[in-house]
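Undergrad: Residue numbers (the UniProt record's numbering), protein chains in the order written: chain A, 1 to 447; chain R, 1 to 447.
Hints are not guaranteed to be accurate.
To be verified - Have a look at the derived ranges for each label pair, beta carbon to beta carbon:
(1) R:D240 with A:G390: 21 to 31 Å
(2) R:E13 with A:K231: 33 to 43 Å
(3) R:D240 with A:L444: 24 to 34 Å
(4) A:R102 with R:E378: 48 to 58 Å
(5) A:I441 with R:E13: 16 to 26 Å
(6) R:A243 with A:G390: 31 to 41 Å
(7) R:G376 with A:S123: 46 to 56 Å
(8) R:D240 with A:P408: 40 to 50 Å
(9) A:R55 with R:E13: 19 to 29 Å
(10) A:N413 with R:G376: 13 to 23 Å
(11) R:D234 with A:I441: 33 to 43 Å
Just so you know, the hints here were simulated from the structure itself, not pulled from any lab data.
Glycine is no exception: its CB is placed at the ideal position from the N, C-alpha and C atoms.
2 protein chains.
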Amino acid sequence: MRLSRYFLPVLKETPSEAQIVSHRYMLRAGMIKQASAGIYSWLPLGYKVLRNIERIVHEEQVRAGHIPMLMPTLQSADLWRESGRYDDYGEEMLRISDRHGRDMLYGPTNEELITDIFRSHVSSYRDLPLTLYHIQWKFRDEIRPRFGVMRGREFLMKDGYNFDLTKEDALHAYNRHLVSYLRSYERMGLQAIPMRADGGPIGGDYTHEFLVLAETGESEVFYDSEITDLKFGDREIDYDDVAQCQAVLEEFTSRYARTDETHDAALFDKVPEARRRSARGIEVGQIFYFGTKYSEAMGANVQGPDGKSVPVHMGSHGIGVSRLLGAIIEASHDEKGIIWPEGVTPFHVGIVNLKTGDAEADAACESLYKSFTALGLEPLYDDTNERAGGKFATMDLIGLPWRITVGPRGLKNGVVELTSRRTGESEELPPEQAVARITAIYGLASA
Amino acid sequence: MRLSRYFLPVLKETPSEAQIVSHRYMLRAGMIKQASAGIYSWLPLGYKVLRNIERIVHEEQVRAGHIPMLMPTLQSADLWRESGRYDDYGEEMLRISDRHGRDMLYGPTNEELITDIFRSHVSSYRDLPLTLYHIQWKFRDEIRPRFGVMRGREFLMKDGYNFDLTKEDALHAYNRHLVSYLRSYERMGLQAIPMRADGGPIGGDYTHEFLVLAETGESEVFYDSEITDLKFGDREIDYDDVAQCQAVLEEFTSRYARTDETHDAALFDKVPEARRRSARGIEVGQIFYFGTKYSEAMGANVQGPDGKSVPVHMGSHGIGVSRLLGAIIEASHDEKGIIWPEGVTPFHVGIVNLKTGDAEADAACESLYKSFTALGLEPLYDDTNERAGGKFATMDLIGLPWRITVGPRGLKNGVVELTSRRTGESEELPPEQAVARITAIYGLASA
């Protein structure tokens, strides 16, 4: 993309309403604009990151054998009356009346709707196991929305639901989700720690929240420092292998890690003192096994191998897709702006032309632009007439992990400058070597 | 995808509520399930087609130089009061009150919101031309929703908005949209004819609707039969070339083609009688140039080259993404089921194992499955124990354009059977030749 043709409305001033760094930088980098309280438009740059996160979530869910679909945003109140949650859910549920006066609501979650789909179409254990998921906008009418997309009212969430014949099978589905979530967050450049959590309004005895450590997190967390040394890494996983998935769960959840809601001071004291940590964390996902709570209330039964009809065992599993943008920025920024991990960056590399209009500089930039595009990478090329300082400030603010600076002086020596946003380190090298370096970083073979 | 692990709840009976063929087949093929009146869940098969259509729309909009972003589903009533449409819009607008009693609405379209974004960030002609678009769920509280996704209440639409300094520039944007729409529909296997239309509540003198001819269409249309011979085809287009885009507009709109709303019997009579046609059509898109209607009402001005502040010229341009599934099926089906065009098919090819459990048949199917997957194609492999007749009926119903049938008898002769869903013609050939044929059809080089 050429910046002269893009819509990137960066702001010089820090907007006064933004209390935390991710909200400030998302506004300043022209990623979002508030449409009304807690509701945002995703401007082009923000939309690109949102789509990247969504893509990673899709890829990892499909890899785990889960099936994508899509449920609508508006739901009938009737299903929620069946489960008993229509009255239980407080004012955070946005209740709507249509032109015929029918009670509807903007879904805050989808246990009822998916259970209805299941019971309409599945009646035999032979169709199990089954895990369906979708990525859809939800609404939660927060009394005081704040922190930008971190605590918005309209938010994008991935929610998945497993249906299994037995508790044992359902716990394997739980483990599959844990593994797929670990992979997803790592691909986004995040360390998200599974912590023992509280069931809340969804219910459930088995539940873990995934928390990203950050000073601005809304939860206080307590953990054994050994946990931050764990990496999922490149390991191959067979999602059908019960023992393998169980082993990952044990590896990542056997050490003490809890939020204030489930914190147990006596247990925590058994962690060696040097490894005891308390910090703040941002919740970016949660997994639940809740057994037959919804299937019993809504009559979602299957016939087992013995011919008897039994309610299915279920769980639900969520990732806060839009909130993740905020979490990533909280975890990865400096005083100049955002620092995107390579996995989610809106553009793979920035190209700064120090002297737009200079024939050689323009030609060198065009050539880099075409090389990257041909390799399937997306560069953002600042071809504007802005002065160099302004161009650097914008690139630093929007946080592309790599920048190539092109100017007449370097070109005389046959070199351009490659700069890492994270370390700030620069290196001079011939343009084709810069292309090779960038393509290697993104795991592509150079041309 | 292996059918034994998929969620494809096909129905044997024709659902009584479905009045038109696309609705019937979408229900029977397990593509959608009604959640409440005019609101659907997209089951896995339907969701795949929806995503394919969405992808084509995105690719063609980006090719035309238009910039993707995303606006929220819920909007504040205030902006609609500024434009004057809050009171004008009738009961089809779903009005919502949040917990603080603030007036909101589920957006049926986005002229107000995009104009607000524009006026907040753009103040100079130097930032023009600019076209922003998004693909987002909309709501229209139809009094009597019907015809499945063709006339639903919650529907997915692409809507794009151009901002230009002059009427001339805005008409070029209009033409760019016309060209990109022609390309998009053709890639979906559809012929959509641009017809002179009526401005309706959006307003505007220049507007064309795109109609797909189908017996079940809601509009009566009148056209010169020469128009159905026009094809956009493979031609290269430079979207910055004003004359080239204008020429396409003239080519595709110079012949008589109107809906009943704008039909002019006297003009129509000038078409040679042998070429006069009346038929029914399904609207799948509409483009508008409406000048300064919203920019004046909402103060969206820019400073021109002469330093004077002027309201921008705008247009809006929509494609009915979810409705297109219905339109494609109405235009492409037979008595056995759907016939997907290659451009949007949920799976590229079906593999039917005539004797699941037979070692050779299983191995041949697995080998085909792996070959296609390695080539980046998605097969649907019916590995279930259903009898052959049932497997064929399902494949015909869900409409994959190509099927490979594998059985012990053919394998003894070293062949499988390749069948075209459209023509019903079958051919026996060695498995590797079947793979080569399919990959060639989808424009890929075989391994």
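Undergrad: Could you tell me which of the hints above the structure violates, numbers in ascending order?
TA: 2, 4, 5, 7, 8, 9 and 10
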